[in-house]
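Novice: Sequence:
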Amino acid sequence: MDLKTRKRLSLLILLLGLPGYIVVAWVALAWVNDRFGRLPIWAEFLLIVVLGIIWILPFRRVFTGIGKGEE
Numbered sequence: 001m002d003l004k005t006r007k008r009l010s011l012l013i014l015l016l017g018l019p020g021y022i023v024v025a026w027v028a029l030a031w032v033n034d035r036f037g038r039l040p041i042w043a044e045f046l047l048i049v050v051l052g053i054i055w056i057l058p059f060r061r062v063f064t065g066i067g068k069g070e071e
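Mapping of the sequence shown onto the numbering used here: position 2 corresponds to residue 2, and the numbering continues sequentially without gaps.
Please note that a few of the clues may not be correct.
Computed Cβ-Cβ distance ranges for the label pairs, DEER-style [unchecked claim]:
{"id": "1", "residue 1": "50", "residue 2": "4", "range": "31 to 39 Å"}
{"id": "2", "residue 1": "3", "residue 2": "58", "range": "30 to 38 Å"}
{"id": "3", "residue 1": "34", "residue 2": "56", "range": "25 to 33 Å"}
{"id": "4", "residue 1": "47", "residue 2": "19", "range": "17 to 25 Å"}
{"id": "5", "residue 1": "63", "residue 2": "27", "range": "20 to 28 Å"}
{"id": "6", "residue 1": "16", "residue 2": "44", "range": "19 to 27 Å"}
{"id": "7", "residue 1": "7", "residue 2": "30", "range": "33 to 41 Å"}
{"id": "8", "residue 1": "17", "residue 2": "39", "range": "23 to 31 Å"}
{"id": "9", "residue 1": "46", "residue 2": "67", "range": "24 to 32 Å"}
Rather than coming from a laboratory, the hints here were simulated on the basis of the structure. Yeah, the Cβ is synthetic: ideal placement off N, Cα and C, and Gly gets one too.
Input sequences plus hints: build the corresponding full structure.
Specialist: This is the structure we're talking about:
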């Protein structure tokens, strides 16, 4: 995949995927809080970080080299 296509795809992922991740993380956190009661702040932070890593791993190849100039 060329750099121009990866840049466009990464922008699309950030504009659509990031808000989607935020909604999913918010719903997951609300579900956990409803089921188990309010979690400690470190556990909430850990859950959000884990969900963020799971969300971004499939797109690792798309974002590689995006900040570099065209060569």
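Novice: Next, verify each hint and record whether it holds.
Specialist: Against the structure, the hints come out as follows:
no.: 1; hint: 50 - 4: 31 to 39 Å; result: holds, 33 Å
no.: 2; hint: 3 - 58: 30 to 38 Å; result: violated, 19 Å
no.: 3; hint: 34 - 56: 25 to 33 Å; result: holds, 26 Å
no.: 4; hint: 47 - 19: 17 to 25 Å; result: holds, 18 Å
no.: 5; hint: 63 - 27: 20 to 28 Å; result: holds, 25 Å
no.: 6; hint: 16 - 44: 19 to 27 Å; result: holds, 25 Å
no.: 7; hint: 7 - 30: 33 to 41 Å; result: holds, 34 Å
no.: 8; hint: 17 - 39: 23 to 31 Å; result: holds, 25 Å
no.: 9; hint: 46 - 67: 24 to 32 Å; result: holds, 28 Å
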